[in-house]
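Build the full structure now, drawing on both the sequences and the hints.
First to last, the protein sequences are chains A and B. Each residue of the first sequence is one higher than the last, beginning at -15 in this note's numbering. Each residue of the second sequence is one higher than the last, beginning at -15 in this note's numbering.
Accuracy of the hints is not assured; some may be wrong.
If several chains are the same, the list does not tell them apart, and a pair holds so long as it fits within one copy or across any two.
[Said to hold, decoys possible] Here are the computed lysine to aspartate or glutamate pairs in the DMTMM-like style, where the Cα-Cα straight-line distance is at most 20 angstroms:
| # | residue 1 | residue 2 |
| --- | --- | --- |
| 1 | 6 | 77 |
| 2 | 6 | 176 |
| 3 | 6 | 240 |
Worth flagging that the hints you see were computed from the coordinates, not collected in a lab.
Protein chains: 2
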Amino acid sequence: MGIQLARRMDILKASDVRELLKVTQRPEVISFAGGLPAPEFFPGERLAAIAREILSEDGARALQYSTTEGHAPLRRQIAARLNALSDTRFTADQILVTAGSQQGLDLMGKLFLDEGDEVLCESPTYLSVIGSWNVFRPRWVEVPTDDDGMDIAALEQRLDGCRRPKLVYVVPNFQNPSGRTWSLDRRRRFMEVIDRRGIPVIEDNPYGELRFEGEALPALKAFDRRGLVVSLGTFSKIFCPGLRLAWLAAEPPLYEKTVILKQGTDLHTSTLSQMMVSLYMERHDLDEDVRRITTVYRERRDAMLAALEAEMPGEVRVTRPAGGLFLWAELPEGVDARELLGRCVARDVAFVPGEAFFPNGGHRNTMRLNFSNMPPERIAAGIRRIAGALAELREQAPCGAAAGFVRDESAAQGAGKP
Amino acid sequence: MGIQLARRMDILKASDVRELLKVTQRPEVISFAGGLPAPEFFPGERLAAIAREILSEDGARALQYSTTEGHAPLRRQIAARLNALSDTRFTADQILVTAGSQQGLDLMGKLFLDEGDEVLCESPTYLSVIGSWNVFRPRWVEVPTDDDGMDIAALEQRLDGCRRPKLVYVVPNFQNPSGRTWSLDRRRRFMEVIDRRGIPVIEDNPYGELRFEGEALPALKAFDRRGLVVSLGTFSKIFCPGLRLAWLAAEPPLYEKTVILKQGTDLHTSTLSQMMVSLYMERHDLDEDVRRITTVYRERRDAMLAALEAEMPGEVRVTRPAGGLFLWAELPEGVDARELLGRCVARDVAFVPGEAFFPNGGHRNTMRLNFSNMPPERIAAGIRRIAGALAELREQAPCGAAAGFVRDESAAQGAGKP
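Structure, rendered in structure tokens:
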């Protein structure tokens, strides 16, 4: 029809995986594909009372425009909680309330990225940061990671090869998709590099509170001497995602500029949602809620690890997350997880093929499994079905040469698959 | 501190006017500066009951992630209402629920604008579209308007001079800031030009329902044969702005691409807010609410027009809006509305200097007055104070040569003042 769009729209397409995953909305499907928190823990009744109280007694404020920065009491509560949990020293006036962390990512893309700028990230990295920032047409530079976090030597080497490295994006706790957590030593060494090179870091920490074992580690921000780290956090994984409430914490001058961008993006986040969460935190013990969720997610992780151990062939390697919502599996070389997903969907079970988490593509034999949203029995049943589909796939193509096996890895390369 | 930001950040600055207007939050200030709806009409009690019901009975859904497009019943309600009021034929699957119309603007900027593209707009135009789209570094081309709307000959001439005209942005009903409404004839002729040239139009209609007199006119979209018009509408002015709920209506392929952009921007709009407004519209008569608001705003407009007539010198020209929230005043040549604002703030009264509504600057002798948020007595008192400040300013600088009078119009020019 000849309407001319912005050039950035070239690479934004609806993904075929997303189409496949639409079936996961059918109740009979056991879905390990989403990142949905378990809804049985949403405090619906408590929030019903709180919403009623706010709207009856303070409706004119709850329903009116408010400031871009956010509801002042909530900003104080977020700062206090963040500092206690992450060993940081943010003040309330460095907290910007956002409409989910996804908005925090959008704002950071706007703040930092020109076309062709390099963004460094873990390999694999969070799927939705790729979609969010591809709008700004950066070049993605993936840095290898292992079970202790980003490979620091590789980071330095990649930085040396960059023309305009503008940002580093990392998820140091229970990463999505890998489930991995950075060691203390790796955090320190990473921040030494950052400090020396003066490159801004987006530290995204949606899962840090969902720790099943071991001790909490300080945030990267705790080692930041130059105001280079911007911290993103959210209520979506520790409370309720549907309220779309998250925060961004940054020091001047980044903070003020981000506020101006947020004003142009959506003026401010829902006043009612902000007042509800603030009053909830005043009245109830959010930490207690988090402990309850964590206990259940731990059982579910254990159920998934046990099922993988029992059902999957020995060549399948999986991570063992100490928290969060996801684990990561590497299938035998040559197995294409998309083809496996096709067969799994026919068996009413789903996951996300791993390639989507690599901004430059490839790694087609990997997959992400979410364990937070299904009870243990269904987890066991689902893994059994995936193992069955995998066995079938390998049987039909035993030499890795037939359909379902990756014939040409390079065909999967190419910038910017969201 | 040496952190390198995106180039787009060069032109985004906190405005000095915004700083001046911070005083308007003091309760003793009579502010004509905001665009705030009157909070006494927010249905706090009704929404309290509705929120309680939704959260008690359907909390797992209201608090969980939901689809990017929006809550299905709400999309159906919006389509039906929009078509009835604007003479359009949108289907529910062409409605995208957004976090305020501001987000609709952001998404349209992302969809269409590359650096250097031309955006055509009314002169003056909506302040916040300038801030929103300057992020994408377009060139603003202002088209003169009169009391019947955009000057069509001037539009054609401006289009002929453009290299890459990508978008036309217009507010045909009770425009912000001018209060003007396009005539039927002007709408038709505008759409003939658009149809012939194939240029997308963003038709922003936040105020259309707030009509005080005369008959509603069909939307530009009603004359759109090629799917070129994207319609923006909002609950902020007819219901409650604090819920941040608005919509964007577009035909394929623009719709699908906008959904992908929204997904990268904030995933989806608050599920609870959407369910609340949907249930409210099911249970209550929103049209009745709108009639009530409109009656009051009409009285306030009349009060403001009467006060302006009584208090202001004859050279001050004002528009006479048939609806909406704003009117527009042109002060005598040479008077600088910023300087006047400084004096007004000292007298506890405020407005927005008009220059901010011209993307290329200038027109420093203009001002926007909001009449929706103050009762008639305070409106009268406020206008009296402004008239007093104006008299004082003119007395002290009688020849237009001293402080407060525009000495060098060209100094105010320059692209992209938000």
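A quick look at each hint next to the structure:
{"no.": "1", "hint": "6 to 77", "verdict": "between (41 angstroms within a copy, 16 angstroms between copies)"}
{"no.": "2", "hint": "6 to 176", "verdict": "neither (44 angstroms within a copy, 41 angstroms between copies)"}
{"no.": "3", "hint": "6 to 240", "verdict": "between (40 angstroms within a copy, 16 angstroms between copies)"}
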